[in-house]
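Participant: Go ahead and model the full structure; you've got the sequences and the hints to work with.
For the sequence shown, numbering that gives the first Met the number 0 puts the final residue at 352, and the numbers step up evenly by one.
Rather than coming from a laboratory, the hints here were simulated on the basis of the structure.
Careful, some of the hints might be misleading.
Computed beta-carbon distance windows for the label pairs [as the list claims (entries may be wrong)]:
{"hint": "1", "residue 1": "28", "residue 2": "265", "range": "52 to 62 angstroms"}
{"hint": "2", "residue 1": "320", "residue 2": "149", "range": "36 to 46 angstroms"}
{"hint": "3", "residue 1": "326", "residue 2": "251", "range": "30 to 40 angstroms"}
{"hint": "4", "residue 1": "263", "residue 2": "303", "range": "13 to 23 angstroms"}
{"hint": "5", "residue 1": "285", "residue 2": "201", "range": "31 to 41 angstroms"}
Please read these numbers as outputs of a predicted model, since none were measured by experiment.
For every residue, glycine included, the Cβ atom is placed at its ideal position computed from N, Cα and C.
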Amino acid sequence: MPCACGIIRYTVMKIDHPHLALSILCFAVCLALPAYYLGDAFEPQGSASLLLTGWLGPFDGHFSWYANPLYLLALVLHRRPRASSILALIALALAASFLLHNRIAVSEAPTYQSIVAYGWGYALWLTAMATLSVGQWLRARGAQSGRTTAATLACGGMFLAGYLAYYLLGGHALFGADQERDRAFAQLCATAGEQIYKKADDVRGIFFDPDWEQRVSARSHLNTGTSYASGSGVIGLGHLNQGQLAFYETRDRHAPEGYLQFKLGDFQGAKVHRLASEYAVISATPAMPPRLNILGGTVTIKDLRDSSVLATATFFLDQRSGKFCGNSRGAFSTSHFVTEVLGLKKKYASVAK
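Facilitator: Here's what the structure looks like:
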């Protein structure tokens, strides 16, 4: 919100009552935490980014973001406790109205995702407005500073205790999900690693099962340390277009017992009943609840002529915490792994660049 930081800074300089500092502290901390979570994968939505984009809420039928300007106005008018208390109370009601919505638009289409849980950011946001309203109301009634501070702390404590109970015991039990994710990730990482038993250099064709790859790349940031970006996509077409393969094969989704063979320039694929590829790249992912938000699996490269295993790679990424396991490089790409093990080079026709 324009000038929000300046208004808060100005107000902090003029603080002469502890409950104002408590309210501002809650508001500031909430910006660093998730406000709510979306979808089966429990994707966290940061409070700071929502502060910048929430003004679009009326286009989706909700107005809770407009609690922010009312809250800031209540802070500016803190020397007029009655008016400030009323404004903070209205802001609290607007903020709480967000609980009436169980889904939210996530694109211009619009497409929607379900709100599956609320975060500490939302709880602290409500607490900031509640403590300001209570503190200013008591000031307007002439309460002593000590009593006002005690009542405000009690109010804030009740809000946060209520959210803590929700966090630990609620229907989606965020704490339980975090614990479950940590346990699952530790168990999966115990199986992670790369083993290359032998390499090849006589590759004409590869059977990709499925024709899909995963990528996890590390990115270094000065302030936040290492974070990871993940992606996926078709793998065979890239190697074919680069001239590293004469053809590649994959399963025919419309005929489970058959296969499709792709050559350069053929985007439909020719139906075949027997594989001509010398090697197979088999990708498998363990069954995990989407809410764990763990990406990864095992890639196995086999010689189809004698069923021997050339190499295996198992990797996992905790997309919530950013933890990665699988190799010392701290990154993985199915395409790069296949290129290394099978010695793929440009020796066939390719797409001109």
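Participant: Hint by hint, say whether it matches the structure.
Facilitator: Going down the list of hints, with the structure as the test:
1. The beta-carbon spacing between residue 28 and residue 265, approximately 57 angstroms, falls within the hinted interval of 52 to 62 angstroms.
2. Checked against the hint of 36 to 46 angstroms, the pair residue 320 and residue 149 passes, with Cβ atoms roughly 38 angstroms apart.
3. In this structure, residue 326 and residue 251 meet the distance hint of 30 to 40 angstroms, their C-beta atoms being roughly 33 angstroms apart.
4. Taking the beta carbon of each, residue 263 and residue 303 are about 22 angstroms apart, inside 13 to 23 angstroms as hinted.
5. Judged by the Cβ atoms, the range 31 to 41 angstroms given for residue 285 and residue 201 holds: they are separated by roughly 32 angstroms.
Against the hints set out earlier in the document, no violation occurs for any number.
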